[in-house]
Amino acid sequence: MLPNIEEGILRRLSKIAVVAVVASLALTGCGKNDDKKGSSSGSNDVCKSAKGDGPKVGLAYDVGGRGDQSFNDSAYAGLKKAVEDLKATCVEGEASDGEAESAREDRLKNMADQGLNPIIGVGFAYSDAVNAVAPNYPKINFGVIDGFDPDDKPNANVAYLGFAENEGSYLVGVAAALKSKAGNIGFVGGVHNDLIKKFEAGYVAGAKSVKPGIKIQIKYIQESDLKGFGDPAGGKAAATAEYDAGADVVYHAAGASGSGVFDASVDAGDGKWAIGVDSDQYLTASKTQQPHILTSMLKRVDVATFNMIKSVADSSPLTSYQTYDLAHDGVGYSTSGGFVDDIKAQIDEAASKIKSGEVKVPVKPGA
Amino acid sequence: MSSSKILRTLAQAILAPLIALIVSVIVTSIVVSIAGASIGDFWDVIFTVPTHRNWVNITNQSSMLFLAALAAAIGFRMNLFNIGVEGQYTLAAFAAAAFAGAGWLPGKLNIVGALLVAMAVGAIWAGIAGVLKVTRGVSEVISTIMLNAIAGTMIGYLLNNYGNQYGQGRRTTPIPGSSQLSGWTPWSAGDGPIWTLTILAVLAGVTMSIVINRTRFGFDLRATGMNEDAAVASGVKVKRMVVISMLISGAIAGLVWMPALFGAADYYGPPFQRALGFTGIAVALLGRNRPLGIFFGAVLFAWLSEQANPLSLVADISPSVVQVTQGVVVLAVVIAYEVVRRWMAAYEQRELKQALGTEVRA
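From first to last, the protein sequence lines stand for chains A and B.
This note's numbering numbers the first residue of the first sequence as 381 and each following residue consecutively.
This note's numbering numbers the first residue of the second sequence as -16 and each following residue consecutively.
By construction, these hints were calculated from the structure, which means they are not laboratory data.
Built from N, CA and C at the ideal position, the CB exists for glycine as well.
There's no promise every hint is true.
[Claimed, not checked] Simulated crosslink set (SDA-like; lysine to any residue; CA at most 20 angstroms straight-line): (1) A:K489 - B:G23; (2) A:K744 - A:K489; (3) A:K428 - B:D174; (4) A:K436 - B:K336.
[Said to hold, decoys possible] Computed footprint of chain A on chain B, listed as stretches where at least three residues anywhere in the stretch have a Cβ under 8 angstroms from a Cβ of chain A: (5) 144 to 156; (6) 242 to 255; (7) 284 to 294.
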């Protein structure tokens, strides 16, 4: 008799369990704009039609892949330019959420075995994988966006393409302080790690350079879990709290969670601004969001990607640490919408002070 | 009766998973074609003969998925829905990596110490949910989800304040060389090693099937899961059982990332693999909470994930599509078991009627 009772229990449990599993899978998957990807992964992918005799590029995206309207798309823009200008051909790979470290290595090995050169990993999560794979393919050049060398053995065929996000953030900090009527601005970071702290540090320094007494609210969506970059609801909650506490400009460095920050600025009403990140987010925002997007901090992943490909095409491949700062056109701010036209002179003045070295922008908050 | 029972068991064991597999193949094909990709390409890639490197990765991944699913299954057998495997293994992985990195113990002893720390931390984290349930009546589903979030925040705080700078991120101090284990390299070095601690999955699987099927504790556990009232009446201390099963579930969850920690990563940091806990729940359901079933489930999931990796390279399909396959397999298995069970019940009833009929006539 026992087995039958057990069956019954198991069945009941199974029903609950399935609901919960589906819910948890859905929760872990949220924030990925898979629906938007449909439009860009179709026939208009440049790699499908590219038939040039230039460099054969392997581009390994981070989670989200093409269509994330941010980081990965920016890398794709650089690739597209290489196809057009350098007659490059390309193969693309994409990371899936929660994948094993070995999966990243496999992706790179697969590309290397196909004879692709250069191979570029988009995102610092590729640092370890490139370090493991690159020594086995000395004739192939690797690049890692935001990357670093994890050990003390230098790799002669790897370039670490870093950005001075603090400098770009400084400029939007200047813009925020100049536009704020309340003397109260906010920052929303996706994950409280050293990379995003760099954005915070620059933003705070920029704002204080204009208005030393300005109040700056800092919030992070997640302490360590990378899902903070894919959590629009969390971004909205954090930004709403800051608007409610008197902020009238909020800058986000939170990847796909940023759309929640934009929504919060719309709900907060007229005169409340949000600042985008990585790419010119005014261009991809909805019609209702656009009037609230003051500017965006530009991180030119496309420039870094294109430069890496071009260096290989020119037979003088980039290696070691490359920093894309203001002086190298690696970071900047956007002017779409025309909301910063009246203060452009002051922002550009701050930029030239950074370029000349007169102003040193901190990389850590509180410095 | 006995022959039909064997038939029934056999049918459930083979027929139901087979139906589930066929259904999920069909559904995935539909999804792939809606996404505008070639169905043929997709299955070509998934069923390519794995290379040596793939086999190594499938083995390593299976071991971790198996442990995660086993941890979840122990709770399920007792009607305890431990959703917190994710938080338990993450926190345990962090604690064990920090402990091993500190290098207080020499050589291999350090590994044993770290494994004990991992099990203890996992057990404590799950135990909190167990204690809350028996003392305050808090549903373990809610408390374990909360504990997942708290674990993530705590690790972030500790890494930010005490971790080592590591590129743009943080990590724990790497484990000293004398305490690192690589593993067994069946093919060339480039294909990589099968991690030494994958053996933990085998040991845990064997131990758990003995404990559940052959001990007093295992009987109490199953009895409580089947009918709590009956178990209480026959002298099982249910509250104690709840706490103990959560502790065991958490202890096994603590081991989930240990093969990778000592086999490849050497520290807790960016290479840490998330989501094994959630995937483990799915694998446990797929394997119907039995160690052998979980084994096949873990291998299937590991196979799908590993084989899906080149999808975007050769067929221009997002590898995320296999997550659809994995989800559908779980749903289909649960439904298929129910359908097969009803068939079998109807069949048995017919048999019984016939048997009774002939008896009456005779």
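Hint check results:
no.: 1; hint: A:K489 - B:G23; result: violated (24 angstroms)
no.: 2; hint: A:K744 - A:K489; result: violated (36 angstroms)
no.: 3; hint: A:K428 - B:D174; result: violated (30 angstroms)
no.: 4; hint: A:K436 - B:K336; result: violated (72 angstroms)
no.: 5; hint: 144 to 156; result: holds (count 6)
no.: 6; hint: 242 to 255; result: holds (count 5)
no.: 7; hint: 284 to 294; result: holds (count 5)
Hint compliance for this structure: hints 1, 2, 3 and 4 are not met, and every other hint is.
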